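K.L.:
Protein sequence lines, in the order shown, are assigned to chains R and A.
Using full-length UniProt numbering, you'd call the opening residue of the first sequence number 1 and step up by one each time.
Using full-length UniProt numbering, you'd call the opening residue of the second sequence number 1 and step up by one each time.
Honestly, the hints are just simulated from the structure, not real lab data.
All values derive from a computational prediction rather than experimental measurement.
A few of these clues could be false.
Each pair may be met inside one copy or between any two copies, as identical chains are not told apart.
[What the hints assert, rightly or not] Derived DSBU-like pairs (lysine-lysine); straight-line CA-CA distance at most 35 angstroms:
#, residue 1, residue 2
1, Lys260, Lys25
2, Lys56, Lys31
3, Lys202, Lys26
4, Lys3, Lys50
5, Lys25, Lys50
6, Lys202, Lys31
7, Lys12, Lys66
8, Lys106, Lys3
9, Lys50, Lys66
10, Lys66, Lys31
11, Lys109, Lys194
12, Lys50, Lys202
13, Lys194, Lys3
14, Lys3, Lys56
15, Lys203, Lys12
16, Lys50, Lys31
17, Lys56, Lys12
Protein chains: 2
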Amino acid sequence: MEKLTVVKIGGKVINEEAALDAFLKKFALIKGKKILIHGGGNIASDWQRKMGVEPKMIQGRRITDKDTIEVVTMIYAGLNKKIVAKLQGLDNQAIGLSGADLNVIKSHKRMNLVIDYGYVGDIEGVNAGVINALMNLEATPVVCALTHDNSGQLLNTNADTIASAVATGMSESYDVDLVYCFEQPGVLSDFENKIVIPVIVKKDYDGLKNSGTISDGMIPKIDNAFAAIDAGVGQVKICHFDAIDTVHAAEYSGTVICQK
Amino acid sequence: MEKLTVVKIGGKVINEEAALDAFLKKFALIKGKKILIHGGGNIASDWQRKMGVEPKMIQGRRITDKDTIEVVTMIYAGLNKKIVAKLQGLDNQAIGLSGADLNVIKSHKRMNLVIDYGYVGDIEGVNAGVINALMNLEATPVVCALTHDNSGQLLNTNADTIASAVATGMSESYDVDLVYCFEQPGVLSDFENKIVIPVIVKKDYDGLKNSGTISDGMIPKIDNAFAAIDAGVGQVKICHFDAIDTVHAAEYSGTVICQK
């Protein structure tokens, strides 16, 4: 099957334009078909405050109320167009998408009887045929963390989950490598000394969680990774965004997550 | 040739969500292939001030400096995604585009030795083949007033001019109707009594300008209209956005601009 690289970026690489430019230069050189998924970094909260909308949290979770979704929409969509223009400048034909564009991601507003998260999307599925049609126009889809409820409302949607869903949706037609880029060199067994766990297989994952080696924010990321693998994605890589040029090379030094 | 309706909206219909919703409901019912082009209304200036960026003007022309293009990008792109989601909710498959997406509009930064307009785009051409490929996915392109310089920079670009350029670019393959929607019922001969000029042909245009019947802001709009007609667009209609459901009907009561 043809290779497809699905890359998710977020955090610092989004917050700092020089870091984003350096990342995109390397991303543009990845050969073959590829898809880029991006979050909004901390820009969302920063701009929200500038616009006089104080970010709302309940039990540590962001609540996306009416004002927040307006601001988040502008920030994610604006960033999306900036990335597309930058990729065009790097000779990569690109097209920016939210889940609403061509209905590429089907989702609904999260229903939760305990906490009302507001305008937050849970993904139902990905329209692989349409994404494929766009890639056949020689374009790299650039997907932001917005989906829609098919009734006219945009929804704030976790970018890690979008990446997992897109990789899964495309795995019927492609040999998909899903790459999560972030600020660390990989999943760490020793945070102080930045010691990377080179490979995590399914049977060892529970043990790593129980021992506390893998904790906090890494758990949902690795859960997303295994969800993708269970659904047909070949392997998932978790690495520093500076290492995006090594994901298909022998010198890759991040974490590889695979079935066995 | 197959019919294609290219509609441009701006001003009040953008500023007020209820007006936008009412417009989109009618737009969604237009049969056949169609393209929607939108400006940013007054939202851009309003948000700019909220974000602490005072709009800059020189000789009555807006200057798009570095801070302004950042804000304008967020506002236009965010509005673009909102319109796409609303159209999906109205059973219209839609895709949001800036000129950078799939390089659909080729442009460059305006060069002016007297006034530096900043990050403002002048259009070189439209990639009709790509727009056609998207329409063949049964999608209505929704184009915002952003283009790019092909070197990574987004550019603020007049939406009337984009509409004229897109209509022109598509006129080789389609029988194009270009429709400019705004707050008035058409081009007026009597502003007080809202008397519409039903038809303006080329040979009469200079006379209408010289007599002062057509003046100010209408002149660049009608210039754009005749530029499109000279380049192959069948006819241009100028009407109230509430009248969008009559553009192909006998009861159309706006202005028609045509060669003769």
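K.L.:
Cα distance capped at 35 angstroms. Does Lys3 pair with Lys56 within a copy, between copies, both, or neither?
P.N.:
neither (41 angstroms within a copy, 49 angstroms between copies)
K.L.:
With identical chains treated as interchangeable, where does the CA-CA distance between Lys56 and Lys31 reach 35 angstroms or less: within a copy, between copies, both, or neither?
P.N.:
neither (41 angstroms within a copy, 43 angstroms between copies)
K.L.:
With identical chains treated as interchangeable, where does the CA-CA distance between Lys25 and Lys50 reach 35 angstroms or less: within a copy, between copies, both, or neither?
P.N.:
both (30 angstroms within a copy, 34 angstroms between copies)
K.L.:
Cα distance capped at 35 angstroms. Does Lys202 pair with Lys26 within a copy, between copies, both, or neither?
P.N.:
within (30 angstroms within a copy, 53 angstroms between copies)
K.L.:
35 angstroms Cα cut-off: does Lys260 pair with Lys25 within a copy, between copies, both or neither?
P.N.:
within (33 angstroms within a copy, 52 angstroms between copies)
K.L.:
How would you label the pair Lys203, Lys12 (within, between, both, or neither) given a Cα cut-off of 35 angstroms?
P.N.:
Classified as within: same-chain Cα gap 32 angstroms, cross-chain 60 angstroms, threshold 35 angstroms.
K.L.:
For Lys66 and Lys31, with the copy left unspecified, which applies at a CA distance of at most 35 angstroms: within, between, both, or neither?
P.N.:
Between copies only: 33 angstroms across chains, 41 angstroms inside a chain, cut-off 35 angstroms.
K.L.:
Could you figure out if Lys194 and Lys3 sit no more than 35 angstroms apart (CA to CA) within one copy, between two copies, both or neither?
P.N.:
This pair counts as within: shortest intra-copy Cα distance 30 angstroms, inter-copy 62 angstroms.
K.L.:
From the Cα coordinates, with 35 angstroms as the cut-off, is the pair Lys12 and Lys66 best called within, between, both, or neither?
P.N.:
Classified as both: same-chain Cα gap 26 angstroms, cross-chain 21 angstroms, threshold 35 angstroms.
K.L.:
Checking Lys56 and Lys12: alpha-carbon separation at most 35 angstroms within a copy, between copies, both or neither?
P.N.:
Both ways: Lys56 and Lys12 sit 22 angstroms apart in one copy and 31 angstroms across, limit 35 angstroms.
K.L.:
Given identical chains, is Lys109 near Lys194, meaning Cα to Cα at most 35 angstroms, within a copy, between copies, both, or neither?
P.N.:
This pair counts as neither: shortest intra-copy Cα distance 38 angstroms, inter-copy 45 angstroms.
K.L.:
Treating 35 angstroms as the Cα threshold, decide for Lys50 and Lys31: within, between, both or neither.
P.N.:
neither (40 angstroms within a copy, 43 angstroms between copies)
Checked against the numbered hints listed earlier, the structure breaks hints 2, 4, 11, 12, 14 and 16; every other hint is satisfied.
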